[in-house]
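Fit chain B to the known structure of chain A by using the hints.
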Amino acid sequence: MWRPSILFVWANPSRCPGFDWTGNDLNTKQPYNSSDLRTVENPEPGRRYTVDFRFPEFTAIYPTTSEPVFATVSIRYVPGGTCLETVSLKAYLGSYRDEVMFYEGLVNRILDDLVAACEPREMEVEGAFTVRGGIETRVTCRFGSGGQDGR
Amino acid sequence: MGDDIKCDLETFENPRPDRPYCIQFTCGEFTSLCPKTGQPDFASIILKYVPGPRCVELKSLKKYFWSFRNRGIFFESVTNQILDDLVAACDPVRMTVTGNFNVRGGIGHEISATFES
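Protein chains in written order, with this note's numbering: chain A, 1 to 151; chain B, 1001 to 1117.
Wrong hints could be hidden among the right ones.
To be verified - Ranges between beta-carbon positions, derived for each pair:
#1 B/Glu1116 - A/Tyr49: 54 to 62 Å
#2 B/Gly1105 - A/Asp52: 18 to 26 Å
#3 A/Pro45 - B/Pro1035: 38 to 46 Å
As the list claims (entries may be wrong) - For lysine to any residue, the following SDA-like pairs were computed, each having C-alpha atoms within a straight-line distance of at most 25 Å:
#4 B/Lys1063 - A/Ile135
#5 A/Lys90 - B/Glu1110
#6 B/Lys1063 - A/Arg132
#7 B/Lys1063 - B/Ser1077
#8 B/Lys1059 - A/Pro68
To be clear, the hints were calculated from the coordinates, so they are not data collected in a lab.
For every residue, glycine included, the Cβ atom is placed at its ideal position computed from N, Cα and C.
Pulled out of the complex, with its shape left as it was, chain A reads as follows:
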């Protein structure tokens, strides 16, 4: 999996002393890590029900322009044995702030990480990115009975 490391001047820790999103010193910032995701036991594992999250403050860096991108990330899933814990989910989604990735890579990796963390019956992740160059982009990925073909 591609993990670009080039950050532009205004996103470069050495040029921008201060905090990162976790309150850590940017100069000692640890790379992105999905092991921060925590889960809690599903209170009703016998019932198929749906959980919807919406995170309207998602931001990352676009590789070809090194410019910031913004999106609303929506997560819908049918839990299996565990449910996603929301504080760690917020921290996880916030950790993309300095990641340099294309839209498609971002949304697919979020799906992969969340599926690995909570092993849901089904899950859908959608990234609705704000307009860039006159183009509004929406990327949707699915896991489970809905199929992984993106339909």
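Same frame as chain A, now just chain B:
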């Protein structure tokens, strides 16, 4: 904190300096960091001004707003700092900067600062 970030605001000559007219920019993708918690803040920054001899150039304004991305700064400071920098750059007749910050701790914030020549 973050004071070493250099983002030069560019300006161009006002095409009609004899007429008082109004320019409004809205940047819906402003983000900075809370200096207390280090958590990201998000806001819409609305900039409304009556130009003097110079107008603010849009691309440099965009990059200027981005320069706050990794800065730990309070809402009140952000709004006032933006007003100070823009007034220094383009010497307007009148300018108002409004920061409409997303809800934090259940509280929304709207902060406005105005300059009159």
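Cross-check of the supplied hints:
no. : hint                            : in the structure
1   : B/Glu1116 - A/Tyr49: 54 to 62 Å : 58 Å, holds
2   : B/Gly1105 - A/Asp52: 18 to 26 Å : 23 Å, holds
3   : A/Pro45 - B/Pro1035: 38 to 46 Å : 43 Å, holds
4   : B/Lys1063 - A/Ile135            : 20 Å, holds
5   : A/Lys90 - B/Glu1110             : 24 Å, holds
6   : B/Lys1063 - A/Arg132            : 15 Å, holds
7   : B/Lys1063 - B/Ser1077           : 18 Å, holds
8   : B/Lys1059 - A/Pro68             : 14 Å, holds
Checked against the numbered hints above, the structure breaks none of them.
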